[in-house]
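In the order they appear, the protein sequences are chains A and F. Under this note's numbering, read the first sequence as residues 1 to 445, first letter to last. Under this note's numbering, read the second sequence as residues 446 to 674, first letter to last.
Calculated from the structure, these hints are not laboratory results. Treat the hints loosely; a few may be bogus.
Taking lysine to any residue and the SDA-like style, the derived pairs with C-alpha atoms no more than 25 Å apart in a straight line are [to be verified]:
(1) LYS607(F) with ILE322(A)
(2) LYS607(F) with PRO81(A)
(3) LYS607(F) with SER102(A)
(4) LYS615(F) with THR659(F)
(5) LYS33(A) with SER102(A)
(6) LYS217(A) with LEU535(F)
(7) LYS168(A) with PHE591(F)
(8) LYS607(F) with GLY17(A)
(9) LYS607(F) with VAL181(A)
(10) LYS86(A) with PHE600(F)
(11) LYS168(A) with ASN655(F)
(12) LYS168(A) with VAL640(F)
(13) LYS86(A) with ASN655(F)
(14) LYS86(A) with LYS615(F)
(15) LYS607(F) with LYS33(A)
(16) LYS168(A) with THR76(A)
(17) LYS168(A) with GLU651(F)
(18) LYS217(A) with SER102(A)
If you're wondering where the values come from, they're calculated on a predicted model, not measured in any experiment.
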Amino acid sequence: MMDQHRDYVLRTVEERGVRLVRLWFTDVLGTLKSFAISPAELENALEDGMTFDGSSIDGYSRVQEADVLAVPDPNTFEVLPWVDNKAAEARVICDVRNLDGSIFEGDPRQVLRRNLDAARAMGYEFLIAPDMEYFYFEPPVRGQIPVPLDEGGFFDLTTTDVASSLRKQTIRTLETMGIPVEYSFHEDAPSQQEIDLRHTDALSMADSVMTFRMIVKEIAAMNNVHATFMPKPLEGVQGSGMHLHLSLFSGDTNAFYSADDPNNLSPIAKSFMAGLLRHAAEITAVTNQTVNSYKRLVPGFEAPVHISWARNNRSGLIRVPIPKRGSISATRIEYRSPDPACNPYLAFSVILAAGMKGIREGYELEPEADANLFEMDDAALDKLGIRQLPQSLNDALKVMETSELVQEALGEHIFEWFLRNKRHEWREYKTQVTPFELNRYLKSL
Amino acid sequence: MATSDMIVVFPANPTPDLVRTLDLGGYRWKAVSGADEAGKCEPQAGWMGAIITCDEDPENAWAFARALRKRDNAVDSVIVLVSGTQLGDLELRDDLFDDFCLTPFHPRELEARLRHLFSSTESGLRPELVEHSGLILNLETYQATFNGHALDLTFMEYELLKFLAQNPGKVFTREMLLSRVWGYEYYGGARTVDVHVRRLRAKLGEEHANLIQTVRSVGYRFGQSRWGS
């Protein structure tokens, strides 16, 4: 099968006149990295991988040995639809390995593979469908508040058309690259878009999220527009989340479904939810990895703040959507805290690890949150024993640091590098004097 | 140009060695006494090739070869069997044959030459195409086009589409598709099929997504699209 795959890729390169093959992989922070090879090198690359210097990649650095191998996964070979047909280019996503072929512990894709294998060993396949939110802005000017297209003024009448035509072009490109779209619409905030992807297995979905971010930015840039996945780019309007619809399948059966439960949730689903809720604080630094992420997780903007679940309340951390009547396979849970600036490989890994721990240890699911919860103040919540998600990157890192679960899910190499890198980010942020402080204190103090 | 799988053999009384080689190789053949007879009993789709033994009656043999090439529907793959003393006859007749073999021939040599001659005919001159509703799959080059535009597919998407397009109008369950297209080693379950069908539909484009139809609670069927040409 693998040989046929390889032949297929090589043949396609030849027949389509592909001039350049881009090898894609992801650094620990979730940035897409790429280097290009010529078609002549591809056969060798598919066979033995391509050596590159990993020391310049965030999170890949090691003391002794800097060189690593990019090993293309022929499953992910796609001709890039936005490149001129006469000089076609293709991409293939790579696993990163050590020179001796062993697994390289700094590669996020390997981390997800390992966590998926562990779930598979227990008989479960992890499926994900993300709702991707992002903003379109005019090309940014350093230090200036970003200008949404809808409010640009300059093109008042036509800018909505620009955004919707960009979105359409983006969706067409996504679909050409084998990423099916479920819904898309203009979100609440000015110039904010949402594109919901169809569910697939978690590894393909992590690859798709990387491809998605690339395509959205690329198509926007070609039209002189800036697309951003920054979690909270504008004050006072809602930020961009990446709500994840999750389910586990056991063979062809949805393991989250039960006909006996009033919410159609199986004991497996409940334990998984309990696992996610109990370990939510520990995994938040990974699902929400920037200083800015925590400006989204505040009350009043449909973003979760409390660690709770509810059937149809969009402020809960886990929402249980009511599937269309009779649709067993659509039974799922929605985890609402992650934002689209995360590393999808790592985020999916820690989410799965938390849920699986709930299943392995048979955690009990707490009762559904009362709707009033979202109006209560902190003191009242404390009394009820309802915890909040970490309030800042600093808080999140403190909880993560003590988490065996996250350490195990990420592996020691990434766990430590991530903490080091993010502590540094926090320290840098802490030394900033913000406009808020100047406005509030400069005159009065 | 598509042809039949029938080989024409000259002269009408082939040697037992030749008969055995052809039969063991699984070839379908017909021995004829001349160009007229070759014309009369030619299959509708044309001869796949010709084997002409020259050592007994060289004059008529070369005339036969020339006749095959001169026809409107020229025979593409011609092998001539010549004795060592006739090698000189090959000169200036390059246009009349594609390969030759010395008599008495070694059966394994002739077998190898035939296989080479006819396999290159199959792959080089008439690529196998699957065509349906504007979709063309070239089985030789793995390339797909849809309404004249290249359709870029991954290997499994290609394999699935090929299988469906080769069996238009037939309904397959997910399990059947999984075992026929993916084989046994795959553990992803039947949802794998759904995921790939969705990707294929996405790549075909919204207005043609119906080319692969969902047959409720059974599986999938290719073709009978309302929009198909």
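Against the structure, the hints:
1. For the hint pairing LYS607(F) with ILE322(A), the CA-to-CA distance comes to about 37 Å; that exceeds 25 Å, so the pair is violated.
2. The hinted pair formed by LYS607(F) and PRO81(A) meets the criterion: a straight-line CA distance of about 22 Å does not exceed 25 Å.
3. A hinted pair counts as satisfied when its Cα atoms are at most 25 Å apart, and LYS607(F) with SER102(A) does not qualify at roughly 36 Å.
4. At most 25 Å may separate the alpha-carbon atoms for a hinted pair to count; LYS615(F) and THR659(F) meet this at roughly 12 Å.
5. With a C-alpha separation of about 21 Å, the suggested pairing of LYS33(A) with SER102(A) holds against the 25 Å cut-off.
6. At most 25 Å may separate the alpha-carbon atoms for a hinted pair to count; LYS217(A) and LEU535(F) exceed this at roughly 66 Å.
7. Restraint check: the Cα-Cα separation between LYS168(A) and PHE591(F) comes to about 21 Å, which is no more than 25 Å; the hinted pair holds.
8. Taking the CA atoms of LYS607(F) and GLY17(A), the gap is about 22 Å. The hint holds against a cut of 25 Å.
9. Of the pairs offered as hints, the one joining LYS607(F) and VAL181(A) holds, with about 24 Å between alpha carbons and a cut-off of 25 Å not exceeded.
10. At most 25 Å may separate the alpha-carbon atoms for a hinted pair to count; LYS86(A) and PHE600(F) meet this at roughly 22 Å.
11. Restraint check for LYS168(A) and ASN655(F): satisfied, since their Cα atoms lie roughly 20 Å apart, inside the 25 Å limit.
12. About 22 Å separates the Cα atoms of LYS168(A) and VAL640(F), which keeps this hinted pair within 25 Å; it holds.
13. Straight-line distance between C-alpha atoms of LYS86(A) and ASN655(F) comes to about 30 Å, which puts the hinted pair past the 25 Å bound.
14. As the CA atoms of LYS86(A) and LYS615(F) are separated by approximately 38 Å, the hinted pair breaks the 25 Å bound.
15. Of the supplied pair hints, the one linking LYS607(F) and LYS33(A) is violated, its CA atoms being roughly 34 Å apart against a limit of 25 Å.
16. Only pairs whose Cα atoms come within 25 Å are accepted, and LYS168(A) paired with THR76(A) is accepted, the gap being roughly 24 Å.
17. A threshold of 25 Å between alpha carbons decides the hint, and for LYS168(A) with GLU651(F) the separation of about 12 Å falls inside it, so the pair holds.
18. At roughly 34 Å between alpha-carbon atoms, LYS217(A) and SER102(A) are farther apart than 25 Å, so this suggested pair is violated.
Consistency note: the structure conflicts with the earlier hints numbered 1, 3, 6, 13, 14, 15 and 18.
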